[in-house]
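Q: Taken in order, these protein sequences are the chains called A and B. Using numbering that gives the first Met the number 0, the letters of the first sequence correspond one by one to residues 0 to 373. Using numbering that gives the first Met the number 0, the letters of the second sequence correspond one by one to residues 0 to 373.
These are calculated hints, taken from the structure and not from any lab test. Heads up, some of the hints might be wrong.
It does not matter which identical chain is meant; a pair holds if it fits inside one copy or across any two.
What the hints assert, rightly or not - Subject to a maximum C-alpha distance of 16 Å in a straight line, what follows is the list of computed EDC-like cross-link-like pairs (lysine to aspartate or glutamate):
hint: 1; residue 1: K96; residue 2: E12
hint: 2; residue 1: K334; residue 2: D304
hint: 3; residue 1: K107; residue 2: E361
hint: 4; residue 1: K190; residue 2: E217
hint: 5; residue 1: K96; residue 2: E152
hint: 6; residue 1: K334; residue 2: E309
hint: 7; residue 1: K334; residue 2: D324
In this text, all values refer to a predicted model and were calculated from it rather than measured experimentally.
There are 2 protein chains.
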Amino acid sequence: MTRPPAEIGMPLEAVDTPSLLLDLDLFERNLQRLAAAVAGRGVRLRPHSKSHKCPVIALRQIALGAVGVCCQKVGEAEAMVYGGVPNVLVTNEIVGKSKIARLAALAKERAWIGVCADHPDNVRDLNEAALAYGVRLPVLVEVNVGADRCGVEPGEPAVALARQIAASPGLRFAGLQAYHGAAQHVREYAKRQDATESAVAKTRLTVELLGRQGLTCELVTGAGTGSYAFEAASRVFNELQAGSYIFMDADYAKNLGPTGAPATEFGHSLYIYATVMSRPTAERAVVDAGHKALSVDSGLPVVADMPDVEYVRAADEHGKLTLHDPNRRLDLGTKLRLIPGHCDPTVNLYDWYVGYRGNRVEALWPITARGAVL
Amino acid sequence: MTRPPAEIGMPLEAVDTPSLLLDLDLFERNLQRLAAAVAGRGVRLRPHSKSHKCPVIALRQIALGAVGVCCQKVGEAEAMVYGGVPNVLVTNEIVGKSKIARLAALAKERAWIGVCADHPDNVRDLNEAALAYGVRLPVLVEVNVGADRCGVEPGEPAVALARQIAASPGLRFAGLQAYHGAAQHVREYAKRQDATESAVAKTRLTVELLGRQGLTCELVTGAGTGSYAFEAASRVFNELQAGSYIFMDADYAKNLGPTGAPATEFGHSLYIYATVMSRPTAERAVVDAGHKALSVDSGLPVVADMPDVEYVRAADEHGKLTLHDPNRRLDLGTKLRLIPGHCDPTVNLYDWYVGYRGNRVEALWPITARGAVL
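Make a model of the complete structure from these sequences and hints.
A: Next up, the structure:
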């Protein structure tokens, strides 16, 4: 774990760079907005902790009504459980003996631990480990509802795998994982709704088919920040996995709302704090945040508060800025905030959130699942 | 620091995934090849540790004749010095009081610590810190030789800054940093040579101009894995900074040699080890290595040993593979090696190198400068 870039009580300008800033007011507003949007709609919220990798944040989500969190990796689940989170669904297939053993052992730690499967061999391995560790693991069938990544096909293939799970003495059939990742970033509202409704229809069909076989879905889980309102209204899904809503990255902010204007339900609360480390020409500045400080897989970061300054190119340790306004001052040593193109892999580069309110550092939260890829 | 994904003595297939594999035979051959290519040519080798972030590797480079290493960040320099590396050049501008103080303090640790500058205010700050800590810091002027990133322009602007450094009692003018990053990945050999020769000419001009003012360049440093042979032959550069040669990523492997065929001087020694975690269709497999296991900024990874299997899409924790050969078997749980598109930011995601020889794990080296962005 690297040194923290700040101390509690510091003014924001004293925070070292590059570092991960969290605007606590906006962050808390985002937390409350989703909790309020979901309340009373008959669906539970189980936010994805792959976005934040931090039990402190998970516990705040739970304090506002979330039933637990989702994880993608056993290492993330360990970080959550050891950080005090009692209810974790691994929304992913866990393959490999050592990982499955860790998962089964974790289920003995006074925590509810669920996992997904999409292959009979994996179900067999999960069952063996559960029996070896004396636990009964809840297992969801992952269904391919449009992302064409993992998952069995909806309908009969899902039912067949659910039957195998239900017949495994170490396992319990717990429902369906039906996440349509590709739908989350469809820009147009109506098209995003169409993509999600298609996923909902496949999920509904499968739930009904399972029901006719006496296989009840305790959890029907999916949805992300881009689509959650559709799944929430579906009367099929009973859990939502949205994760990015707490931070909002530059890419998600390009999604449009029902009026065609950018959706502004959630605000940007997460920033990369960076320092101007070179001012070679009037039009060019270089900041100390490049590929090792932010992920560019979903586009370059956006400079906050300075629409006339553009982040035009990332190198490993440098970010090149173009100043479009000749009157813009940006002296050597100036610190500025960048909105990451994609929050999740950006967070994974850091060991600390620097939470601030107004101009004062108020929190230093360790990102304990940073790098937990195993 | 995360758990190691392996134990010494394990067979390769038992290593957990995703993890960073280092083929020790190929790695050592790469180390020796560059050392041999440079020996007797009147230039020193100072490999860039931003690629490996590991003092164990730095000390191996030094054992083969390197004079020390380069770093980009103070945190990297600290990791190197505390890891036993006695000679570190920070090939970058260090801006901000706390970082400059750490740099000056580090220079008291029985290590030679050099740094670059491209701005009078930064030279002033470096001088103040050096005087406060009672050290004399060697400072190089960074010259823009074509990358249009940091650096003052060649010729008179460089001389003016060198004069300021030489006149600062806490500093010593130590030479020029002239790295042409943009030239490294020019595919065609002749064009890469042209780009580098243009950088060499600007550097030569500046060295001569400085010499006429009595300002001697103890170090004239630059070059990368793509261009080092040109700088080595220039009789202007006396240090080479190549870093990627030890690993070779998929992007660097696209560079062409003088005959027009891909340059094969250095081999791929670094891999992401990944597990097939889903086999939904005959043509599709999913591995457990996505954005949090490899950096896609310079393109997607390439599947080693299986030219008929293509890594077509990365998500945060998933990599989607397309199987182009219907006879290819790739069972659930199969482990395979991926050649990263870009090694440097990929290494920065991990805490451990798993070194192997043949089929046996032989080394677990901690990546102590992982995440050292400050």
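Q: Taking the hints in turn, state whether each one holds.
A: How the hints compare with the structure:
Within a single copy, K96 and E12 get their C-alpha atoms only as close as 48 Å, which misses the 16 Å cut-off; across copies the closest is 12 Å, which meets it. When the C-alpha separation of K334 and D304 is checked against a cutoff of 16 Å, the pair qualifies only within one copy, where the shortest distance is 12 Å, while the shortest distance between copies is 46 Å. Taking CA atoms no more than 16 Å apart as the test, K107 paired with E361 passes in neither setting, with 35 Å inside one copy and 34 Å between copies. Taking CA atoms no more than 16 Å apart as the test, K190 paired with E217 passes in neither setting, with 29 Å inside one copy and 63 Å between copies.
In this homomeric assembly, K96 and E152 never come within 16 Å of each other (Cα to Cα): the closest approach is 25 Å inside a single copy and 58 Å across copies. Taking the closest pair of Cα atoms, K334 and E309 come within 16 Å of each other only inside a single copy of the chain (15 Å); across copies the shortest separation is 42 Å, beyond that limit. In this homomeric assembly, K334 and D324 never come within 16 Å of each other (Cα to Cα): the closest approach is 18 Å inside a single copy and 52 Å across copies.
The structure shown violates the earlier hints numbered 3, 4, 5 and 7.
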